[in-house]
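Going line by line, the protein sequences match chains R and D. Mind the numbering: the first sequence is residues 163 to 395 in the numbering used here, read in order. Mind the numbering: the second sequence is residues 324 to 649 in the numbering used here, read in order.
Among the hints, a few may not be true.
[To be verified] Here are some, though not all, of the chain R residues that point toward chain D, as calculated from beta-carbon distances under 8 Å: (1) Gly205; (2) Gln226; (3) Gly249; (4) Thr290; (5) Ala329; (6) Asp356.
[Claimed, not checked] Every beta carbon over 12 Å from chain D, so not counted as near; a handful from chain R, in silico: (7) Tyr267; (8) Ser322; (9) Trp331; (10) Leu340; (11) Leu369; (12) Ile376.
Bear in mind the hints are in silico, worked out from the structure with no lab data behind them. A virtual CB, placed ideally from N, CA and C, is assigned to each residue, including glycine.
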Amino acid sequence: MSKASRSSAVPAPSARPAPRRQVRPLGWLGPAIVVGGLVPIFGLIFDGYTGALGANPVQRAELQTGVLTLALLIASLICTPLRLMFGWTWPARIRKALGLLAFMYAALHFLVYLFDKGVFSGGAGVQTFVEDVVKRPFVTVGFAALVLLVPLALTSFRGSVKKLGFARWTALHKLVYLAAALGVVHYWWGVKKDHTEPFLYGAALALLFAVRVIWQGRKPRRKVGAVGKTTGA
Amino acid sequence: MTILPPDENEKQTREPSRIINPRREFLKSAGLFTGTVAALGGGLELLSRRPGAAAEGVLPELVGQAKKPLGPYDVPDAVTPYQQATTYNNFYEFGTDKADPARMAASLKPRPWTVKLDGEVKKPQTVDIDTLQSWFPLEDRIYRMRCVEGWSMVMPWLGFPLAGLIRRMNPTSKAKYVQFTALLDPKQFPGQRGNVLDWPYVEGLRLDEALHPLAFMAVGLAGRVLPGQNGAPLRLAVPWKYGFKSIKSIVRITLTEKQPKTTWSLAAPDEYGFYANVNPHVDHPRWSQATERRIGELSRRPTLMFNGYADQVASLYSGLDLKKNF
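Chain D with its partners taken away, still in its complex shape (with noise of 0.2 Å):
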């Protein structure tokens, strides 16, 4: 475009419909050209970017006790940055973004915090959870976490194995799964207003998956109380299974003697059933699990059976149809 210099002649004359002033013209085309930009950018912007969540205050911290070198439940893979593990989260009781979490974790109030504990048990009772959590000693866990949309972290664990409060609860010998309610309270959970999935989040395990050692209650991450994104106060951890069933924010555990109604599976019964056993080789019906993307690496990694604890787990599943029951 060429700018020429105003020129005296044209200053005078009265034709404003055909006589452009260059400067003004060329002043008009660069701001409706920066306002364009700036709103089909913007607008594109608005539509697909969604920023991360930024790294939030220090939680107190959680001693547990002292072990090194690793414990025989501990995996040696690098542990994922605390910052990642904090921010990159699926609990969409706070939003269905991965950022959400982080994001709205405030609003969750971990304390104070009751855990009903009841069903097929010889006396329900309702603990708090400061005292649930002085029943045991918090031990470290370093354990994987596979989430079924095939990605993964390490995740270092702050907690006590699940067993030691089965047997606690005196399972009456009707006893046969465990169901794990969270917390239902849209007031803390903005995710809970909508109905994406049927409020509130259940899970459940067979009881001798809840009897086994790895199946683990976490209360702590990287030596500190557990944040709301992870699922404050108290959590499950099932290192074997898919991520969603390590249900967050508990404030119900029932025994039961049939096989609980688990959201996921409820939601989407043909693509999450009730065991969600890592299994490379069961693909979900619209993404194979044969590999995952361990957060942090830019590459994919293949997936383990049973996510790597296939010698500990495996001998649970003996004469299972693993692609039967996914």
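Next comes chain R alone, as it looks inside the complex (with noise of 0.2 Å):
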């Protein structure tokens, strides 16, 4: 929302300037989320410097980061859902933060994948990076999400809804969910044996994808029951 619309808006009470005094309501929680949602790398350099990464730190880098990037994608996913269940708007303006975090973690985790299997150190690095996504599904899954956020990341910014048109926006942007329930596989695949984690995480998507279904299967609902009732009268 602009500045002008605001001042327009909201008529001005008094001879004082007031909009000088105005805080923007709610201000504050964009950069809190982008601050908050970086986190978790300082704490990651830190538990490199101080051994914390344990005895295979890149091994571990490559989980958290993984990890980070299902908990922000679903993060994201609890906005829209919070406004349809409780009309709250709030959650609307820090989805696209959380999103552009997931991505930045999930391109995190490819760099470091890439880094462990010796892409930057030259030699067979990269022809060992293709025979892993072709042959491997565990790996062709993680970077097909990976490839599938790249276009939402792209039209995240300003002015892409416009160009794309409202209806084309949302529809690429529903890849999200392919995108989360391929991460989850990649998680379930890549875990041994105690799949508790994974589990949880696709839990969480499948109950927001619900909600999501439930309340598109409502909305038509009512507008029936509507016309039902004038033509009734």
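Taking the hints as your guide, dock the two standalone chains into a single complex.
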């Protein structure tokens, strides 16, 4: 929302220059999400420095950035259901930041994986990466999830909705569910035996998806009911 | 954000809904900002961060036969630091995280401890661990350890060859395999309270594999008594096989006629076989086995056939299709 529209909506109470004093409502929220979302990066650097990443820091960093991607993706997917269920508008303000943070951790996860494969030290690194993507479903789904997130991140900027048109933008951004689902499958396959955590992420995702589906099913029903009433009367 | 000094006029006005005290408003925003940063940052850390385990107390020394330079079964590789070898472990009886075993190891009581020796033997018996240990002179062995997950260590074990123990058990002519059983006790092994695996952990070897001079029973690590997280008080070390074959905290050794049903091969038969020989040419269904990360190194190194022990053990598997018998 622009400043101009807000100041015109709120009539000035007196001759005092009130708009100067007005604090933007929830102005702190966006920056807080960005800073809070970046905390784990500093955590990772700190843990790497102190040795708390353990004996296999590369694998640890891989796992942590992967979990962060899923957690933030799911957090971004909570926003709309919250609006639908409770009528809150503030979650919509942080959805983009959460989604972009998720994408950043996905990219970081991919970079650590490439480093792990030795892609940056030359040699057969690139070849092993390509082989992994082609031959190993575990890597294929993870890579596919990342690729799906790219167009979403690229159309997260101001004006993208206008450029694409609301309907097309919305349709495109529904891909986030597919990306998150592939992410959960990737996590599931990456775990040797204890599937508790991947299951919890999968369950959260399924729940959020169910809320959406139920809500979408509800809206037209209400309309139909309204139409029936008018025709009946 | 501009902070204006509180002005006199404003103090007197009584329009709390519209007139904002900038200082209070700023403090409120700052508080909400900090709270949100802490909640989101803390929440994400809670979900993703798993700090490594700290080093534990010093265990009693355990002295083996002096042996310098390296013996015929030692590898010349740099030994993995004790701190890393004792804080990065797969031992699901303590939990599935690599740091769990070091954290939980104190719940395991390795003394008193008995080992049952039975099956196809002339005379089954149950022996105290100290008695069993006293039957053999202790040797140092510097072995490679390659985990099926794609990482490896170099472990300075202390113990005795398995072959000596098998011979002492007096096998009957029916004995073809050796089955090892680990302790089943959810009180000492918190991980056994869940059913991640079918407890107790069971592993096995073909008799000729078990009689190979490289197959080793470890009771110590780096000149000290074996720590709980590494499989106290008695564990197997079969260096040419993936680490999960080297069963920890053994309470029973049984000679059998039939191939034992082993824990991981039951849990995921398409991923873990009975043989589990280290083989860079046979991939795990979900990842490549061609390379490994040696703990302490940042880049990967190629995995060697039979973990580098091909000269010694390849003859055990002549005529066996290693792709089928993975």
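Against the structure, the hints come out as follows:
Taking 8 Å as the C-beta cut-off, the interface hint given for R/Gly205 holds, the closest approach to chain D being about 5 Å. The beta carbon of R/Gln226 comes within 5 Å of a beta carbon in chain D, closer than 8 Å, and the hint placing it at the interface holds. Restraint check, R/Gly249 versus chain D: the minimum CB separation of about 21 Å is more than 8 Å; hint violated. Nearest Cβ of chain D to the Cβ of R/Thr290: about 7 Å, under the 8 Å cut. The hint holds.
A least Cβ separation of about 32 Å between R/Ala329 and chain D goes past the 8 Å threshold, and the interface hint is therefore violated. The closest approach between the C-beta of R/Asp356 and any C-beta of chain D is roughly 4 Å, which is under the 8 Å cut-off, so the hint is satisfied. Against the 12 Å criterion, R/Tyr267 falls within the reach of chain D, whose nearest CB is about 9 Å from its own CB. Residue-level check passed: R/Ser322 sits 25 Å from the nearest beta carbon of chain D, beyond 12 Å.
The claim that R/Trp331 lies off the interface holds: its Cβ sits roughly 26 Å from the closest Cβ of chain D, which is beyond the 12 Å cut-off. Listed as a non-interface residue, R/Leu340 keeps its Cβ farther than 12 Å from every Cβ of chain D; the least gap is roughly 21 Å. Non-interface status of R/Leu369 relative to chain D is upheld: no Cβ of that chain comes within 12 Å, the nearest being about 17 Å off. Non-interface status of R/Ile376 relative to chain D is upheld: no Cβ of that chain comes within 12 Å, the nearest being about 26 Å off.
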